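From just these sequences and the hints, can you work out the full model?
As they're listed, the protein sequences go chains A and B. In this note's numbering, each residue carries its 1-based index in the first sequence increased by 18. In this note's numbering, each residue carries its 1-based index in the second sequence increased by 123.
Source of the hints: derived by calculation from the structure; they are not laboratory data. As the structure is a computational prediction, the values presented were derived from the model and not from experiment. A hint or two may mislead.
Selected chain B positions facing chain A (Cβ under 7 Å, derived; list incomplete) [claimed, not checked]: (1) E279; (2) A445; (3) I447; (4) N560.
These stretches of chain A come out as covered by chain B in the derived footprint (C-beta under 8 Å, 3 or more residues) [said to hold, decoys possible]: (5) 385-398; (6) 430-441; (7) 470-477.
The list that follows gives simulated cross-link-like pairs (lysine-lysine, BS3-like), each with its CA atoms no further than 27 Å apart [to be verified]: (8) K259/A to K414/A; (9) K461/A to K528/B; (10) K474/A to K528/B; (11) K414/A to K528/B; (12) K465/A to K584/B; (13) K436/A to K348/B.
Even for Gly, the Cβ is constructed at its ideal location relative to N, Cα and C.
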Amino acid sequence: MNRRQFLSRLGAGAAVSTLALSGCAPKTGKKSDQREEIPTDRMTYRTNPKTGEKVSILGYGCMRWPTVSNGSARDTNDDIDQQAVNRLVDYAIEHGVNYFDTSPAYCKGQSERVTGIALSRHPRDKYFIATKLSNFAPATWSREASIAMYRNSLKYLQTDHIDYMLLHAIGMGNNGMKEFEERYLKNGILDFLVEERKAGRIRNLGFSYHGDIAVFDRALAEHDKYHWDFVQIQLNYLDWKHAKEINERNTNAEYLYNELYKRGIPAVIMEPLLGGRLSKVHDHVAARLKQREPERSVASWAFRFAGTFPGVLTVLSGMTYMEHLQDNLRSYAPLQPLTEEEMQFLYDTADMMMRYPTVPCNDCKYCMPCPYGIDIPSILLHYNKCVNEGNLPESKQAENYRKARRAFLVGYDRSVPKLRQADHCIGCRRCVHHCPQGIDIPKELQKINNFAEYLKQGLDLVPALRQV
Amino acid sequence: MLRKIRITLAIVCLALITLLFLDFTGTLHAWFGWLAKIQFLPAFLTLNVGVVVALVLLTLLFGRVYCSIICPLGVFQDVVSHISGMRKKKKYRFSYSPAVSWLRYGLLALFIIALVAGIGSFVALLAPYSSYGRIVQNLFAPLWQWGNNLLAYFAERAESYAFYHTDVWLKSLPTFIVAAVTFVALIVLAWRNGRTYCNTICPVGTVLGFLSRFSLFQPVIDKSKCNSCGLCSKKCKAACIDGKKHTIDYSRCVACMDCLDTCQHGAIRYRFRYCKSATDTTATAPGNNVDTARRSFLTGAGLLIGATALKAQEKTVDGGLATILDKEIPERRTPIVPPGAQSLSHLRQHCTGCQLCVSVCPNGVLRPSSSLLSLMQPESSYERGFCRPECVKCSEVCPAGAIRKITPAQKSSIQIGHAVWVMPNCLPIVNGVSCGNCARHCPAGAITMVPSDPEDEFSVKIPAVNEERCIGCGACENLCPARPFSAIYVEGHEVHKTI
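Here it is, written out as structure tokens:
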């Protein structure tokens with residue numbers, strides 16, 4: 019079940035419960051959803067300690083703009099639907115969103131241009147632009163190429179200054195420290211950006227971080243030298259305590275946040291929903307969350323969690339559809355912070371989720387394209403979907419074996435064309451170092467293939483599950 | 124009454140047999156698989172004495188009811204003929220014609236020679252049940268599958284797993300053309316003259332016709348009641364009633380019972396032949412020939428249809444994905460035939476080319492052969508899938524005993540071929556990448572990855588095939604990343620052996 023369906027069911031559910039509650043009365047008074055209209059003036063804002071400017075707690079992530087085919091630019095090669103983007107941006111600004119986060123790498127390089135077009139229709143002082151120096155490819159490591167990338171961003175975004183400039187995803191790669199040095203230190207780019215900040219063309223300078231913790235620690239250790247104005251980290255109620263457990267290479271969000279907080283550096287939050295994994299949860303988890311807050315979406319818990327921390331400047335969400343935007347606005351206009359008890363409830367939920375063996379894939383597609391044509395994210399997401407829907411039968415004797423087997427195998431062929439399925443993975447491992455979540459992709463693919471093979475052959479599943 | 128019983132049974136049989144060929148999931152076979160196994164020629168080839176004796180006795184008792192009820196091709200022609208008869212003034216469009224015995228018995232003789240000599244393609248060409256199977260598999264099944272895919276499309280959007288997508292592909296052009304030509308030819312013959320095929324070409328019809336001369340129950344004309352109006356002759360789709368002479372050619376009568384209801388004087392009755400008022404019933408002399416000009420026209424038309432249907436192609440996938448070349452079929456010195464077929468010659472001698480195995484193969488492995496001697500008989504290839512270890516469907520459905528029934532356990536030790544490594548295609552050799560996908564997926568554990576340089580244990584690894592353990596299932600060939608030609612492929616064995 020995706021978020022969209024979830025919301026529509028939520029609407030239907032609300033209508034049904036309304037009916038049920040007033041079932042005995044002769045008349046029912048509500049035509050639909052009982053919730054109020056989304057207010058335009060109640061957005062929660064956080065203050066940037068350096069500039070004193072007010073930043074909306076909801077930041078717009080511009081990496082998943084809608085396409086003309088009604089998909090997300092992340093998933094297809096289709097053109098971005100500029101009309102739809104304009105509508106989303108207008109609606110967001112109208113409802114108080116003022117932080118837009120893009121990158122030269124997003125939407126196959128189209129995001130900055132499209133975002134620039136949509137934003138330039140509004141007064142420049144109404145919003146803050148965040149973009150990044152996304153010099154991942156070794157060809158762009160030179161000083162000239164990196165500066166050209168920066169200048170290009172200014173051009174595409176139709177502006178003479180960047181409000182929030184980031185070093186993009188430091189710590190990532192096979193050797194995070196080496197790449198950090200090559201990308202920003204040895205070529206003098208970081209010094210260049212500091213100069214640009216002095217000149218006022220960059221108003222705030224920070225970095226986003228994934229992967230090797232040594233790079234994070236080193237960057238913070240040099241805070242006195244560079245004076246980071248903000249840092250972008252991955253934070254959500256699963257990664258708070260379980261990031262390291264999910265993957266040895268990652269670091270718990272608790273540590274990252276506290277390191278920033280004690281230095282007074284505002285945190286910008288990415289992956290508050292873990293690429294949708296905190297909205298597409300196991301049915302049991304969804305039921306648990308809904309039971310507590312029937313009128314709020316499953317996703318809203320994740321957004322409120324991220325927003326509750328006082329050191330958070332803004333929480334980014336890559337909203338493709340109007341429903342996403344509206345749901346998030348409901349969570350943040352205004353933000354109702356979680357209580358201690360509710361925080362604990364989410365930590366318990368996270369513990370529960372850890373018991374379901376999903377693969378921590380956020381569908382970012384950095385691993386793609388696989389040179390052998392494997393559709394890696396689709397395979398992993400199909401597997402996660404089956405886990406969440408309880409279609410991973412534990413043994414041949416399980417009550418739902420037949421149904422679950424069919425759902426797994428038929429759904430597998432639907433989600434992934436046969437030629438792109440896991441059995442064609444040769445284990446070349448080229449994808450592995452592209453994964454920001456550090457997933458051992460070939461290992462996971464082989465595990466999933468073994469599982470499918472056991473189901474196809476009708477063997478007892480216990481040995482396949484032991485490999486999990 | 125008898126006619127209605129015949130029609131009801133015939134329609135049920137035809138529908139069920141058609142469904143056997145359409146049902147690619149293989150679930151119907153559990154219940155109705157026997158319908159294929161009581162077909163005369165398959166039963167004869169599989170030496171199923173019980174069925175053959177039962178069919179012979181049935182014919183000796185009631186005449187050729189087999190042709191009117193059990194044989195799907197015969198009933199199919201009846202349907203065509205019936206539709207033709209619904210046209211205005213065409214209800215009584217037949218007329219008596221003498222038997223063409225030299226053609227019937229000549230073809231039967233050729234058929235038997237081909238059978239003994241193991242010329243499977245000729246046998247398959249004439250076998251009636253197989254012709255029908257071929258028509259359904261080649262012409263109707265794609266429509267059925269497209270319909271299914273449409274349902275699967277909606278099911279997917281409704282999050283239902285009731286239907287799943289299936290690949291529709293042209294399995295063999297020659298077989299498709301043969302099926303299309305047969306289909307058109309039969310329709311024209313049946314449209315105009317009813318059961319011409321059954322009484323001039325069909326070898327089963329000839330054999331049963333010979334027997335049915337002596338059947339105990341027959342339609343008999345009562346001369347005392349007959350006023351020689353000739354209506355029965357005009358209604359007889361087998362053209363075997365000579366109303367003027369009050370005679371019926373029992374070798375050609377398919378016991379359809381149409382004449383009983385047609386006669387307005389109650390002069391024709393279906394009854395025990397050795398009743399008191401015995402009639403003079405003898406076969407008639409040979410006469411006319413078949414229209415050859417019409418045939419050649421039909422062949423041309425069939426080819427045209429075949430050519431246009433070829434245009435339908437599969438949709439190609441896209442997205443942020445690398446393109447994948449389609450696999451091409453390697454040149455195999457010996458064809459691969461499915462486990463259970465025992466040997467190439469066994470298959471050649473028993474298979475009637477009905478395409479039932481091809482219809483049920485869920486892995487895209489089986490397709491009709493295109494080589495001349497074994498035309499239309501199944502053979503395996505692995506560019507779309509491999510012969511999966513848990514599947515023995517073809518062996519379960521084969522009505523002719525050409526693919527003998529085996530269990531998955533037996534299958535795991537039947538060697539139908541062996542894998543051959545093609546060094547210049549192998550990715551580790553070509554671009555130094557580490558692979559081993561063949562070894563990883565070999566269900567027989569017959570492949571070991573070994574260093575390409577025996578001196579250097581860290582050199583890139585290449586597959587070493589233990590031919591003794593390889594069963595020829597083709598998992599390696601199918602999953603090999605080298606495209607379009609795999610770096611490892613299967614050579615068939617002439618005789619299958621158990622390892």
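Numbers of the earlier hints that this structure fails to satisfy, in rising order = Hints 8, 9, 13 are the ones this structure does not satisfy, whereas the remaining hints hold.
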